[in-house]
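Visitor: Just so you know, the protein sequences line up as chains A and B, in that order.
Residues 286 to 400 in our numbering are what the first sequence spells out, letter by letter.
Residues -9 to 103 in our numbering are what the second sequence spells out, letter by letter.
Source of the hints: derived by calculation from the structure; they are not laboratory data.
Any given hint could turn out to be false.
[Claimed, not checked] Cross-link-like lysine-lysine pairs, in silico, DSSO-like; alpha carbons within 30 Å at most:
(1) B:Lys59 - A:Lys342
(2) A:Lys298 - B:Lys32
(3) B:Lys59 - B:Lys48
(4) B:Lys68 - B:Lys102
(5) B:Lys32 - B:Lys68
(6) A:Lys342 - B:Lys32
(7) B:Lys49 - B:Lys59
(8) B:Lys47 - B:Lys102
(9) B:Lys102 - B:Lys48
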Amino acid sequence: KAGVTQTPRYLIKTRGQQVTLSCSPISGHRSVSWYQQTPGQGLQFLFEYFSETQRNKGNFPGRFSGRQFSNSRSEMNVSTLELGDSALYLCASSLATSGGLDTQYFGPGTRLTVL
Amino acid sequence: ILNVEQSPQSLHVQEGDSTNFTCSFPSSNFYALHWYRWETAKSPEALFVMTLNGDEKKKGRISATLNTKEGYSYLYIKGSQPEDSATYLCASANRNQGGKLIFGQGTELSVKP
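Chain A extracted, bound-state conformation:
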């Protein structure tokens, strides 16, 4: 079974631009979660999508948004980029059969650099 894939792997943008990141979950997985990792901050939960609906949201500004398609693929968008948005963005998929009990399987991440 193919693992979680994320594209692109690396991205360089300038302040004020917007960016879209893509995540393809493991086949059969219905939940996709997004996390931001910055040095010293650990993995910060952005949001979770299940059956094309946002089920949970973290404490991030409205510039961060996402969506999920009918095939469970998910995209995350960040508008009006700021220097502080430079981070590794990870997505994780799960079967979503038992909420917080589900093991999450992580992709390799997208490294975003904002100049």
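Following the hints, position chain B against chain A.
Guide: Just chain B now, with coordinates in the frame of chain A:
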């Protein structure tokens, strides 16, 4: 405890040493506690999912215990090997919050041969 906290932040041990880390999490509305291992240049990989007070899980030389009443979990590595070098993350899940995981900052383990 309002957040998930891990200690120590980093650990340097010699090959063969046994070691342990601590994860503290909010005990109210607790649902599950996850442990992940994150090796450099790889993706985080699940180790354990634990739910019951007193739960103990084992995978090879790695084991974990859970105390949901006081809100902590220990991860033990027996006879550390250089390939155990990684960041170990714990994450808690609360009831009625779907798949939302709140992660600690991790413990970075370095095992010298």
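Visitor: Hint by hint, note whether the structure agrees.
Guide: Hints, verified against the model:
1. About 27 Å separates the Cα atoms of Lys59 of chain B and Lys342 of chain A, which keeps this hinted pair within 30 Å; it holds.
2. In summary, the hint linking Lys298 of chain A to Lys32 of chain B is supported, as the alpha carbons are separated by about 24 Å, within the 30 Å threshold.
3. Distance check on the hinted pair: Lys59 of chain B and Lys48 of chain B sit about 21 Å apart at the alpha-carbon level, within 30 Å; holds.
4. This hinted pair checks out: Lys68 of chain B and Lys102 of chain B have alpha carbons roughly 15 Å apart, not beyond 30 Å.
5. Of the pairs offered as hints, the one joining Lys32 of chain B and Lys68 of chain B holds, with about 23 Å between alpha carbons and a cut-off of 30 Å not exceeded.
6. In summary, the hint linking Lys342 of chain A to Lys32 of chain B is supported, as the alpha carbons are separated by about 26 Å, within the 30 Å threshold.
7. For the given pair, Lys49 of chain B sits about 24 Å from Lys59 of chain B by alpha-carbon distance, which is consistent with the 30 Å threshold.
8. Distance hint between Lys47 of chain B and Lys102 of chain B is fulfilled; the C-alpha atoms sit about 26 Å from each other, no more than 30 Å.
9. With a C-alpha separation of about 23 Å, the suggested pairing of Lys102 of chain B with Lys48 of chain B holds against the 30 Å cut-off.
Going through the hint list in order, the structure satisfies each hint without exception.
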